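Sequences are here, hints too, so could you generate the full structure?
Residues per chain are reported as follows:
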Amino acid sequence: MPWRRLARNRLSFAALGAILVVTVAALLAPWLAPYDPDEPDAAVALASVSVRHPLGTDLYGRDQLSRLIHAGRVDLLVALSATAIALTLGATLGAAAGYRGGWVDHLVMRGVDAVMAFPAFILALAITAALGNSTANVVAAIALTHVPIYTRLIRGEMLKARETEYAEAARTVGNRPHQIVLYHLFPNCVPPLIVQATLAMGFAILTVAALSFIGLGIQPPQSEWGQMTAEGAGYVVSGEWWLVLFPGFAIMLTVLAFNLVGDTLRDLLDPRMRGVR
Amino acid sequence: MGFGRYVLHRLLLVVPTLFGVTLISFTLVYVLPGNPALVKAGSLATPEHVAAIERQMGLDRPVHVQYWRYLTGLLRADLGESSSTGRPVLEDFRQRVPATLELTLASLLVAAAIGIPLGVLSAVHRDTALDHASRLVGVGGVAMPSFWTGLLLLYVFFYLLGVAPPPLGRIAADVVPPTRLTGLYVIDGALTGHGTALLSALHHLMLPALTLGFAVMAPLTRMVRATMLEILESDYVKAAWAAGLPRRRVIYGDALRNALIPVITLLGVIFGFLMAGNVVVEMVFAWPGLGHYAVTSLVTKDAGPIQSFVLFVAVMYVLVNLSVDLLYGLADPRIRLR
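So the protein lines, in turn, are chains A and B. Take the first sequence: its position 220, counted from the start at 1, is 219 in numbering that gives the first Met the number 0, and no numbers get skipped. Take the second sequence: its position 207, counted from the start at 1, is 206 in numbering that gives the first Met the number 0, and no numbers get skipped.
Just so you know, the hints here were simulated from the structure itself, not pulled from any lab data. Source: prediction; values computed, not measured. Idealized CB from N, CA, C, for every residue including glycine. Treat the hints with caution; some may be incorrect.
[Stated by the list, open to error] Here are some of the chain A residues that sit facing chain B, going by a computed Cβ distance under 8 Å: (1) L45; (2) A46; (3) L106; (4) A128; (5) G201; (6) F212; (7) P219; (8) G225; (9) V254.
[Unchecked claim] SDA-like mimics (lysine to any residue), calculated; alpha carbons at most 25 Å apart, straight line: (10) B:K300 <-> B:F157; (11) B:K300 <-> A:Q218; (12) B:K300 <-> A:L192; (13) B:K300 <-> A:Q221; (14) B:K300 <-> A:V114; (15) B:K300 <-> A:A116; (16) B:K300 <-> B:V314; (17) B:K300 <-> A:R170; (18) B:K300 <-> B:L10; (19) B:K300 <-> A:G101; (20) A:K159 <-> A:G173; (21) B:K300 <-> A:S133; (22) B:K300 <-> A:A139; (23) B:K300 <-> B:A50; (24) A:K159 <-> A:L106; (25) A:K159 <-> A:R170; (26) B:K300 <-> A:A135; (27) B:K300 <-> B:I113; (28) B:K300 <-> A:N136; (29) B:K300 <-> A:L106; (30) B:K300 <-> A:L130; (31) B:K300 <-> B:Q55; (32) A:K159 <-> B:R333; (33) B:K300 <-> A:S11; (34) B:K300 <-> A:A232; (35) B:K300 <-> A:G173; (36) A:K159 <-> A:N136; (37) B:K300 <-> B:L70; (38) B:K300 <-> A:P219; (39) B:K300 <-> B:R134.
Below you can see the structure in the form of structure tokens.
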């Protein structure tokens, strides 16, 4: 049914577009934001949605739209760095464990088991608490909780790939182990890695936002979507809805976009799954 | 491998994991910034006084001695002390576990009651408006941060409609909580015939359970839909159609029963979602449970409760995953061979 495939693609393109918009907004924040995100203006404190302030203002009269755009920088940067670190570390460990086997494999996999014995969010919360609240520590905490995903993925792929004939051929002509892994086996692992990383981006953003919401992640005056929601939380019971609606919506939209793109990539790479999900 | 040997094998694997878990929970607090002795002594204490407390708490001993003391303490159910409430952590836990349990069970109920039928209907009526709506719930539910869902529900049902209570705990301030039997207000209220408490507890439980239930519902609906779709295409279901068996019996009898088996594997994931969700949702609704306790302890850098919370959640998680494996081994004998 081609029309369904098409509709699905249209949705994926919309999701890709949303990621693009959020990224561009984050990159160009200082030029796009209509106001200084930290500039208080007591005259318009807690003003609702208006032409001058399209998303309203907070208790100090700071423009919500400008804060939202600047906050996106933090969310994306944290999620992207955490994902990049986790991917590099996880892939390296997984490749070593899968290709070498033996005690390396045992050591790596017991470490992975220990990390996976904790629900990811709880571990991230504990690590942030232990290391102290700073942006770098949030990145470290999220990266560490994501490492096992990539380790297991690459280890599995390596176990399969090292027995193949092309791996055997590469060994026969005298390649060194790191050359075989890096130039012959690893390229085949790239597609599933990209799918995982895309899906992990959404999860990372949710984690930063939740950590910051409970006061553990990104600290004021630096704005972040979850932390903006937390600042607005107290006003929901008195009717100032715009303080909560917009930052939460930004989180949902971005996470949704990453998840949709990830799902589509997986479908493209694994045709068996087409139509099932 | 027989089932008995499989169980033994899995149980033995849990021992090193639990050991690793205690090592991590110990390390977390060992590196936690701030000196617990300083917190306990108060801001006016002299350095000598702080040193005395450090000695008393064993903080001056080498790391491995401290870890050993921690481990032997755990075996005696000694979880340490909270420096902000000044009471044993175990006692604080006992008070708060029922609140978390009540919220968790209620949201599981919400998720199962809506999520499973939605997944089934969505697979049966594939590509209809209902299916699209359910898939939207599936992808949207995972993307919505639960603190946001909770706050939106509060805005609509408390501020606009005025049908929900303010987010201030488990029961109205002017209602006496029911006599403690299980600690779950709804059950205790029903058992003791305390109608006012029962109603007030249900009233307060409504929005938090809906919020958390919605977060858990998404993966559940997706999984049920996906497995139902696969099963509806399978040969034995086709055979059942061909044999002219009634539609309801094929879908809800044969197909659904098999579709629920893979859902077992989801329980671990769901538990993780629930624990993360609990922390956040309890903060939104000032629900006096474990998550709320953990976050307030984090803010005051109170080491004992944080350590115990992390350990508690991890041990529960390990046990949930163990039961998932065992249940699955029971349901699908092929698993035992791996």
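Here's how the hints hold up against the structure:
At a threshold of 8 Å, the smallest CB-CB gap from A:L45 to chain B is about 15 Å, leaving the interface hint violated. Evaluation of the A:A46 hint against chain B yields a violated restraint, the C-beta minimum of about 18 Å exceeding 8 Å. Because the closest C-beta pair between A:L106 and chain B is about 12 Å apart, greater than 8 Å, the hint is violated. With its C-beta approaching chain B no nearer than about 5 Å, A:A128 sits inside the 8 Å limit, and its interface hint holds.
With a cut of 8 Å, the hint placing A:G201 at the interface with chain B holds, because the nearest CB-to-CB distance is about 7 Å. Proximity of A:F212 to chain B holds as hinted, the smallest CB-CB distance being about 5 Å (cut-off 8 Å). Restraint check, A:P219 versus chain B: the minimum CB separation of about 14 Å is more than 8 Å; hint violated. Nearest Cβ of chain B to the Cβ of A:G225: about 7 Å, under the 8 Å cut. The hint holds.
Using the Cβ-Cβ criterion of 8 Å, the hint placing A:V254 at the interface with chain B is satisfied: the shortest such distance is roughly 4 Å. Taking the CA atoms of B:K300 and B:F157, the gap is about 33 Å. The hint is violated against a cut of 25 Å. Restraint check for B:K300 and A:Q218: satisfied, since their Cα atoms lie roughly 16 Å apart, inside the 25 Å limit. Restraint check for B:K300 and A:L192: not satisfied, since their Cα atoms lie roughly 38 Å apart, outside the 25 Å limit.
Only pairs whose Cα atoms come within 25 Å are accepted, and B:K300 paired with A:Q221 is accepted, the gap being roughly 22 Å. Restraint check: the Cα-Cα separation between B:K300 and A:V114 comes to about 23 Å, which is no more than 25 Å; the hinted pair holds. Simply put, B:K300 and A:A116 have alpha-carbon atoms about 24 Å apart, close enough for the 25 Å limit, and the pair holds. For the proposed pair B:K300 and B:V314, the alpha carbon gap of about 22 Å is at most 25 Å, so the pair holds.
At roughly 54 Å between alpha-carbon atoms, B:K300 and A:R170 are farther apart than 25 Å, so this suggested pair is violated. For the suggested pair B:K300 and B:L10, the alpha carbons sit about 35 Å apart, so the restraint of at most 25 Å is broken. A threshold of 25 Å between alpha carbons decides the hint, and for B:K300 with A:G101 the separation of about 41 Å lies outside it, so the pair is violated. The suggested pairing of A:K159 with A:G173 holds, with an alpha-carbon distance near 21 Å, which does not exceed 25 Å.
This hinted pair checks out: B:K300 and A:S133 have alpha carbons roughly 15 Å apart, not beyond 25 Å. Distance restraint check for B:K300 and A:A139: the Cα-Cα separation of roughly 20 Å lies within the 25 Å cut-off, and the hinted pair is therefore satisfied. With a C-alpha separation of about 19 Å, the suggested pairing of B:K300 with B:A50 holds against the 25 Å cut-off. Pair hint A:K159 plus A:L106 holds up; C-alpha atoms about 20 Å apart against a cutoff of 25 Å.
Taking the CA atoms of A:K159 and A:R170, the gap is near 15 Å; set against the 25 Å cutoff, the hint holds. Taken as a hint, the B:K300 and A:A135 pair is honoured in the structure, with Cα atoms around 19 Å apart against an allowance of 25 Å. Restraint check: the Cα-Cα separation between B:K300 and B:I113 comes to about 39 Å, which exceeds 25 Å; the hinted pair is violated. With a C-alpha separation of about 16 Å, the suggested pairing of B:K300 with A:N136 holds against the 25 Å cut-off.
A C-alpha spacing of about 33 Å is found between B:K300 and A:L106, which places the hinted pair above 25 Å, so the restraint is violated. Using a Cα cut-off of 25 Å, the hinted pair B:K300 and A:L130 holds, with the two alpha carbons roughly 12 Å apart. Using a Cα cut-off of 25 Å, the hinted pair B:K300 and B:Q55 holds, with the two alpha carbons roughly 20 Å apart. Of the pairs offered as hints, the one joining A:K159 and B:R333 holds, with about 21 Å between alpha carbons and a cut-off of 25 Å not exceeded.
For the hint linking B:K300 to A:S11, the alpha-carbon distance of about 44 Å lies beyond 25 Å, and the restraint is violated. This hinted pair checks out: B:K300 and A:A232 have alpha carbons roughly 23 Å apart, not beyond 25 Å. The straight-line distance between the Cα atoms of B:K300 and A:G173 is roughly 56 Å, outside the 25 Å bound, and the hint therefore fails. Distance hint between A:K159 and A:N136 is unfulfilled; the C-alpha atoms sit about 36 Å from each other, more than 25 Å.
A C-alpha spacing of about 21 Å is found between B:K300 and B:L70, which places the hinted pair at or below 25 Å, so the restraint holds. A C-alpha spacing of about 19 Å is found between B:K300 and A:P219, which places the hinted pair at or below 25 Å, so the restraint holds. In summary, the hint linking B:K300 to B:R134 is not supported, as the alpha carbons are separated by about 42 Å, beyond the 25 Å threshold.
The structure is inconsistent with the numbered hints 1, 2, 3, 7, 10, 12, 17, 18, 19, 27, 29, 33, 35, 36 and 39, although it conforms to all the rest.
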